[in-house]
Amino acid sequence: MEQYEPKGIEAKWQKYWENNPELYSADNASDKPKKYILDMFPYPSAAGLHVGHVESYTATDIASRYWRAKGFNVLHPQGWDAFGLPAENYAIKTGVHPDKVTHENIKNFTRQIKSLGMSYDWSREIDTSSPEYYKWTQWFFLFLYENGLAYKKKAKVNWCDSCQTVLANEQAEGGICERCKNAVVQKDLEQWFFKITDFIENNKDTSGLLDGLDKLDWPESIKAAQRNWIGKSFGAEVDFVLENSTEKITVYTTRIDTIFSGTYIILAPEHRLVEKITTAENKAAVEGYVEESKKKTELERTGLEKNKGGVFTGAYAINPANQEKIPVWISDFVLANYGTGAVFADAHDERDFAMAKKYGIPLKVSIRPQDEDGNKWEKIKNLEECHSDDGILVNSGQFDGLTSAEARPKIIEWIAAKGLARKMVNYRLRDWLVSRQRYWGAPIPIIYCDKCGEVAVPKGDLPVVLPTDVDFKPTGESPLANSKTFHDVKCPKCGGSARRESDTMDTFVCSSWYYFRYIDHMNNMEFAAQEKIQKWLPVDLYVGGAEHAVLHLLYARFFTKALHNLGHIGFDEPFLKLRNQGMILAEDGRKMSKSLGNVVNPDDAVAVFGADSLRIFEMFMGPLEDAKPWNTQGIVGVKRFLERIWRLQEKITDEDGKSIRSLVQKTIKKVGDDIEMMKFNTAISAMMILVNEAEKIGMTRESYRLFVKILSPFAPHIAEEIWGKLGNAESVFVSAWPDYDPGLIKDEEINLVVQVNGKMRDMLKVGADIDQDGAKAVALESEKIKAYVAGKEIRKIIFVPGKLLNIVV
RNA sequence: GCCCGGGUGGUGAAAUGGUAGACACAAGGGACUUAAAAUCCCUCGACCGCAAGGUCAUGCGAGUUCGAGUCUCGCCCCGGGCACCA
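Heads up: take any position in the first sequence, counting from 1, add 1364, and you land on the working numbering.
A portion of the hints provided could be inaccurate.
[Stated by the list, open to error] Okay, derived cross-link-like pairs now, BS3-like style, lysine-lysine, Cα gap no bigger than 27 Å in a straight line:
{"id": "1", "residue 1": "Lys2089", "residue 2": "Lys2060"}
{"id": "2", "residue 1": "Lys2033", "residue 2": "Lys1848"}
{"id": "3", "residue 1": "Lys1854", "residue 2": "Lys1815"}
{"id": "4", "residue 1": "Lys1659", "residue 2": "Lys1743"}
{"id": "5", "residue 1": "Lys1551", "residue 2": "Lys1579"}
{"id": "6", "residue 1": "Lys1823", "residue 2": "Lys1787"}
{"id": "7", "residue 1": "Lys1579", "residue 2": "Lys2043"}
{"id": "8", "residue 1": "Lys2089", "residue 2": "Lys2110"}
{"id": "9", "residue 1": "Lys1371", "residue 2": "Lys2015"}
{"id": "10", "residue 1": "Lys1371", "residue 2": "Lys1471"}
{"id": "11", "residue 1": "Lys1612", "residue 2": "Lys1518"}
{"id": "12", "residue 1": "Lys1899", "residue 2": "Lys1434"}
{"id": "13", "residue 1": "Lys1660", "residue 2": "Lys1722"}
{"id": "14", "residue 1": "Lys2089", "residue 2": "Lys2015"}
{"id": "15", "residue 1": "Lys2030", "residue 2": "Lys2060"}
{"id": "16", "residue 1": "Lys1545", "residue 2": "Lys1559"}
{"id": "17", "residue 1": "Lys1518", "residue 2": "Lys1848"}
{"id": "18", "residue 1": "Lys2033", "residue 2": "Lys2022"}
{"id": "19", "residue 1": "Lys2150", "residue 2": "Lys2030"}
{"id": "20", "residue 1": "Lys1612", "residue 2": "Lys1471"}
{"id": "21", "residue 1": "Lys1464", "residue 2": "Lys1499"}
{"id": "22", "residue 1": "Lys2167", "residue 2": "Lys2123"}
{"id": "23", "residue 1": "Lys2015", "residue 2": "Lys1992"}
{"id": "24", "residue 1": "Lys1478", "residue 2": "Lys1958"}
{"id": "25", "residue 1": "Lys2015", "residue 2": "Lys1396"}
{"id": "26", "residue 1": "Lys1371", "residue 2": "Lys1568"}
{"id": "27", "residue 1": "Lys1728", "residue 2": "Lys1787"}
{"id": "28", "residue 1": "Lys1854", "residue 2": "Lys1518"}
{"id": "29", "residue 1": "Lys1517", "residue 2": "Lys1551"}
[Claimed, not checked] DEER-style ranges, computed between Cβ atoms:
{"id": "30", "residue 1": "Gly1961", "residue 2": "Pro1495", "range": "35 to 45 Å"}
{"id": "31", "residue 1": "Lys1857", "residue 2": "Glu1639", "range": "16 to 26 Å"}
{"id": "32", "residue 1": "Glu1655", "residue 2": "Pro1495", "range": "45 to 55 Å"}
{"id": "33", "residue 1": "Cys1816", "residue 2": "Asn1384", "range": "54 to 64 Å"}
Don't read these hints as lab results, they were simulated from the structure.
Backbone N, C-alpha and C fix where the C-beta goes; we use that ideal spot for every residue, glycine too.
Generate the whole structure from the sequences, applying the supplied hints.
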């Protein structure tokens, strides 16, 4: 017979699938139960598909093919997260339009994905950079705007002086401009925000970003990352009345148990009271410090500088716990945009402690460690060491002797009675800054009129099309601002002269709602029709990289919650089940990277081994979510496995041996169960065990047919080819998933493990339904067992039916 | 510092509290071949033993249990995320 030749077989079947798209298309009219199986859509980079893409796409492809065969109406689409910075940077360098580069890349990605035999419903392909798509991105902006969830305000942004542009946080990592390596500074600019903070907690009947996590089948690490990012903390606000003033300083603290040792106050340099309270003799120093902080780069300000700098304002305030007069300082380690922008400082915080030591500010101790270490306490008491953990209160009046946890609510209540404190919850999450001074994104659909001010573009006028007559060179303003055709416009309200908003939206806005568009991607009246939303959503299985733990997954949840809260949809979480694929490392165990020259290109692997080998190899390497190193020998081994499957055609027998008959049934069960649990590696090993056995004793045509069926989600090309050779006229993918015969799965005989005192001493072949007495009788017949129990009294018998007998002597 | 994962042969890894190392890769030996490739067969955690068999062994130390890779507590190491958040 001819050899297994993947190249020809794969090309042949890919063409067949291309010509028979109904095999993989989701059916809007069908009343079968639905499954929406989704990949995180890729950014079409110039580098092309990565083996990591192959891993997650294969996993969802196997799941999709399996559920189709199980009689489900499966929606499994793919598309392009097409706006983004790399294409624009390339345009700045070369002058080639981002649209051109992006679409060349999409073409390449499409070719690569199709060469892997993925069963996407390509009729639903979307491209976020197309006006048909971003029309609805803009619609969402207006929807949020109309409902008070999009607003404009002045904000600090990352600014690069040499590039003359605002940078996204991702571009300003470590406080250094990604493009020119210059230091990034903070600049105040008018920016658009989405009010994501409105949805942290439950909002009417919409579950919050925090509580909503509890009901999701997501990796614990991703849920933890989101909770972390939201950063809910429980504490109190406390008012410190200023001396010689009617003003008071409100601080936020989670450690009110330390308030009796609060010996000074620190304000953020941007705090509204700084100018007002600074005394004449401190004015110069304070103004100088505020100026310095403004000029400081993000790097300098957040650097792990141990020596906390600051300056005294000359003002004093009254500690409401002990009426002591304490000095007010400013320092830029206190953040203006968290809590109240002011803290009380004491000996029980490392930073406060260090700053006080530096300037000789008095300190006091109010917490003693709970454990009895006299030496340590001696040091803390003498202010040689900072104790920042909870402990037992001292020097705290009537609260002495309480633990920190006991004292906190009591102290709040006590100060609250004087009207100077209240319980307060704080979050780290801030509203989402969505404006970007960039070209390659969806334009923000707002017009500024001289008379009417800020005016929303009427929805009927959408999309606001991205102009082409622009210069990509950054000037400090969005490139859209210097497009005459774009910029000047008539006001939709009064018809007077007006100008368009020239910022575009963060690309994460485009990807926050794309899972809605696949279900109705041609709809020109709505982002998706109501009955289709009800039919298909939410997404049943979502697979992608863990790098999207917070941003994308949080933003997408916010969009869904806003839609739900405003009565548009009936569910408030977009992705019910989420799985992350682990990183595929290079053969040397390091990350694959261009600079290390250790990147494996899927094209090469397909050319040498074939797509089926690559797919099975990536699934066989280990658990989906684990990081695993590439191993070229491993893919060679998988290719051998497929060759052996191929040669089984020559080992067809007239009748199945008893072992094969039962093994085929067991394998059907195991492979199905494992696919449902996404344990693809063990599903493949089960198939290998069957192939090993069939190779030895052969199998019938019918058993081979069953095997090829369960293999088909993993290796679709070879499965189609053998399926055809077995005399089936139709594609393997129109056939149903086989049911296993529970009767054939049960073994008649089992190996009974016999232990003495918990150690295995013998293994006996017995009937599967043997009971304890029977097992005991057989075991005591065994010479090996006799040797261990002879002359001893049997004190206990543990019997696990069908498995084990333990004799305790 | 905080929050998540992990530590099992030479390697990737299996294992509802019940035979630790399934399934592979690599390695060694053999068959076939003039030879090689391909294919097939055997060995393959460590130690003792001719063998039968035994002892030890899942990062380290304790505990619970008839029985622990799996559960509990304490520690060590590695990977990832967040980080001046009061």
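Results of checking the hints against the structure:
At roughly 22 Å between alpha-carbon atoms, Lys2089 and Lys2060 fall within 27 Å of each other, so this suggested pair holds. Pair hint Lys2033 plus Lys1848 does not hold up; C-alpha atoms about 66 Å apart against a cutoff of 27 Å. Between the alpha carbons of Lys1854 and Lys1815 the distance comes to roughly 11 Å, so the proposed pair stays at or under 27 Å and holds. Our distance criterion of 27 Å between C-alpha atoms is broken by Lys1659 and Lys1743, whose separation comes to about 39 Å.
For the proposed pair Lys1551 and Lys1579, the alpha carbon gap of about 40 Å is over 27 Å, so the pair is violated. Our distance criterion of 27 Å between C-alpha atoms is broken by Lys1823 and Lys1787, whose separation comes to about 44 Å. This hinted pair checks out: Lys1579 and Lys2043 have alpha carbons roughly 22 Å apart, not beyond 27 Å. Distance check on the hinted pair: Lys2089 and Lys2110 sit about 32 Å apart at the alpha-carbon level, beyond 27 Å; violated.
The suggested pairing of Lys1371 with Lys2015 holds, with an alpha-carbon distance near 24 Å, which does not exceed 27 Å. Restraint check: the Cα-Cα separation between Lys1371 and Lys1471 comes to about 21 Å, which is no more than 27 Å; the hinted pair holds. The suggested pairing of Lys1612 with Lys1518 holds, with an alpha-carbon distance near 26 Å, which does not exceed 27 Å. The hinted pair formed by Lys1899 and Lys1434 meets the criterion: a straight-line CA distance of about 19 Å does not exceed 27 Å.
A distance of roughly 21 Å separates the Cα atoms of Lys1660 and Lys1722; the hinted pair therefore holds under the 27 Å criterion. A hinted pair counts as satisfied when its Cα atoms are at most 27 Å apart, and Lys2089 with Lys2015 qualifies at roughly 14 Å. A hinted pair counts as satisfied when its Cα atoms are at most 27 Å apart, and Lys2030 with Lys2060 qualifies at roughly 18 Å. Our distance criterion of 27 Å between C-alpha atoms is broken by Lys1545 and Lys1559, whose separation comes to about 32 Å.
Between Lys1518 and Lys1848 the CA atoms are separated by roughly 26 Å; this keeps the pair inside 27 Å, and the hint holds. Between Lys2033 and Lys2022, the direct Cα distance comes to roughly 17 Å. Compliance with the 27 Å bound is thereby established for this hinted pair. Between Lys2150 and Lys2030, the direct Cα distance comes to roughly 36 Å. Violation of the 27 Å bound is thereby established for this hinted pair. The suggested pairing of Lys1612 with Lys1471 is violated, with an alpha-carbon distance near 63 Å, which exceeds 27 Å.
Distance check on the hinted pair: Lys1464 and Lys1499 sit about 20 Å apart at the alpha-carbon level, within 27 Å; holds. As the CA atoms of Lys2167 and Lys2123 are separated by approximately 14 Å, the hinted pair is consistent with the 27 Å bound. In summary, the hint linking Lys2015 to Lys1992 is not supported, as the alpha carbons are separated by about 35 Å, beyond the 27 Å threshold. At most 27 Å may separate the alpha-carbon atoms for a hinted pair to count; Lys1478 and Lys1958 meet this at roughly 24 Å.
Using a Cα cut-off of 27 Å, the hinted pair Lys2015 and Lys1396 is violated, with the two alpha carbons roughly 38 Å apart. At most 27 Å may separate the alpha-carbon atoms for a hinted pair to count; Lys1371 and Lys1568 exceed this at roughly 57 Å. Straight-line distance between C-alpha atoms of Lys1728 and Lys1787 comes to about 25 Å, which keeps the hinted pair within the 27 Å bound. At roughly 26 Å between alpha-carbon atoms, Lys1854 and Lys1518 fall within 27 Å of each other, so this suggested pair holds.
With a C-alpha separation of about 13 Å, the suggested pairing of Lys1517 with Lys1551 holds against the 27 Å cut-off. About 40 Å separates the C-beta atoms of Gly1961 and Pro1495, a value consistent with the hinted range of 35 to 45 Å. At roughly 39 Å, the beta carbons of Lys1857 and Glu1639 sit outside the given window of 16 to 26 Å. Against the hinted window of 45 to 55 Å, the Cβ-Cβ separation of Glu1655 and Pro1495 comes to about 46 Å, which satisfies the hint.
For the pair Cys1816 and Asn1384, the supplied restraint of 54 to 64 Å holds, since their beta-carbon distance comes to about 56 Å.
Violated hints, listed in ascending order, are 2, 4, 5, 6, 8, 16, 19, 20, 23, 25, 26, 31; each of the other numbered hints is respected by the structure.
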